[in-house]
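Those sequence lines, one after another, are chains A and B.
Every letter in the first sequence is one number past the one before it in this note's numbering, and letter 104, counting from 1, is 89.
Every letter in the second sequence is one number past the one before it in this note's numbering, and letter 21, counting from 1, is 6.
Don't read these hints as lab results, they were simulated from the structure.
Some hints could be false.
Because identical chains cannot be distinguished in the list, a pair is counted as satisfied if it fits within a single copy or across any two copies.
Stated by the list, open to error - In silico BS3-like links for lysine-lysine, alpha-carbon gap of 27 Å or less:
(1) Lys148 - Lys89
(2) Lys201 - Lys89
(3) Lys201 - Lys162
(4) Lys201 - Lys148
(5) Lys34 - Lys18
(6) Lys63 - Lys113
(7) Lys148 - Lys113
(8) Lys63 - Lys89
(9) Lys113 - Lys(-13)
(10) Lys63 - Lys20
(11) Lys20 - Lys34
(12) Lys18 - Lys63
(13) Lys20 - Lys(-13)
(14) Lys(-13) - Lys162
Predicted model, so just to flag it, every value in this text is computed and none were measured.
2 protein chains.
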Amino acid sequence: MKIGIVGGTGDIGEGMAMRLAPLYDVIVGSREKEKAQASCECSIQSLQKRGTECSLVGVSNQVAVDDADIVILAIPFKNLTATLSGLNGFEDKVVVSPVNPMEKRDFFVFVPPPEGSAALLVQQMLPKSARVCSAFNTIAANKWRALDEEIAYSVPVCSDDNKAKQQVMEIVNHVSKLQAYDAGPLAVSAMVESLTPLLLNIARYNRMRDVGIQFK
Amino acid sequence: MKIGIVGGTGDIGEGMAMRLAPLYDVIVGSREKEKAQASCECSIQSLQKRGTECSLVGVSNQVAVDDADIVILAIPFKNLTATLSGLNGFEDKVVVSPVNPMEKRDFFVFVPPPEGSAALLVQQMLPKSARVCSAFNTIAANKWRALDEEIAYSVPVCSDDNKAKQQVMEIVNHVSKLQAYDAGPLAVSAMVESLTPLLLNIARYNRMRDVGIQFK
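Kindly produce the complete structure, drawing on both the sequences and the hints.
In structure tokens, the structure reads:
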């Protein structure tokens, strides 16, 4: 299975690529192909040092979409509309949104777009046959990157496409100690996306780092 | 410290009273005083069977407000406005809202009032000197009631009044294995209240019972 990461050199994308590359063929996209290639070389070295075999190539965001079965949109909410507008070829692909629409004021606030959530905005922007899921919303960049630590969090997954949801939940369950939970249709993805600003506030007010959640 | 529970004979309130009564003076309120008294007798018997001493009296909702230092509004969202409209005397009291504005459609959806959250609605309805906190939002009625089981969940607490928040967090930390977390001001209480419909969906779609959360 080929996983493309749009924004794969960003804060979240880079660690995500390193966690996924030992398990799947990972195609890292970036606005500049060269940046993606450099990032991949670095990641491959990191993984090789650990004796981990991996499949990782750096390409443009468009090629990451074209060549993948599953596309993860590892981009900040503020770049979401512009990035998606410049890309095509999402027909029939599974598209994963870990995007959280939020703002930092004195504290973090969930500020969804008029569509109701980032995932619903993605669904509206992409062709109807794109199979949109939300997943990985609450995993902090530092946790993705800290390859020597397990990530033992729960990951709620939303989608209106049950097969796509099962596929994404399977991927989630392969990464470290992440555990996927079916959180329902895309209509309730706002409740998942609003977890992240909540966790950032919890971290801040309780002097913790990279807080995640477990469902029990 | 005297804790009044408005709606103390309801689904959440009854178990909450039994968990709190061994620790604090608990005043159970109900629309009908007789119902509160009957419920308290039952609860006292349950606790005595376990050899647990407790302080528990049943009164009207108004007396539960009048006689308490801290008032917990253990009422469903749909009754919130009507109940608060019929009560007074909240001046200077710490008022705890565990209320979650949600609807059950094909799945559970967070449906906040125009104020932004149930806790913000409470703040707007009560006198300015009332010290409103949100807490206990995600603890299921069954968990409150299952006295022989520990409840090992995280409890986010919001308030604009730091002293009130500290007081409520201390109470949370005394109940079973609950652990309180400062989740910020009341302005972000919507993110806490929307956890409950999320957890209800997780329970439903993953065939679990009474799902809670832990921050890690």
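Consistency of the hints with the structure:
1. Lys148 - Lys89: Close across copies (25 Å), not inside one copy (35 Å); limit 27 Å.
2. Lys201 - Lys89: between (29 Å within a copy, 22 Å between copies)
3. Lys201 - Lys162: Classified as both: same-chain Cα gap 15 Å, cross-chain 13 Å, threshold 27 Å.
4. Lys201 - Lys148: within (25 Å within a copy, 30 Å between copies)
5. Lys34 - Lys18: within (24 Å within a copy, 71 Å between copies)
6. Lys63 - Lys113: Cα proximity of Lys63 and Lys113: one copy only (23 Å, versus 37 Å across).
7. Lys148 - Lys113: For Lys148 and Lys113, only the intra-copy Cα distance (16 Å) is at most 27 Å; the inter-copy one is 52 Å.
8. Lys63 - Lys89: Classified as within: same-chain Cα gap 12 Å, cross-chain 32 Å, threshold 27 Å.
9. Lys113 - Lys(-13): within (21 Å within a copy, 58 Å between copies)
10. Lys63 - Lys20: within (21 Å within a copy, 54 Å between copies)
11. Lys20 - Lys34: within (21 Å within a copy, 69 Å between copies)
12. Lys18 - Lys63: within (21 Å within a copy, 54 Å between copies)
13. Lys20 - Lys(-13): within (20 Å within a copy, 62 Å between copies)
14. Lys(-13) - Lys162: Within one copy only: 21 Å inside, 44 Å across.
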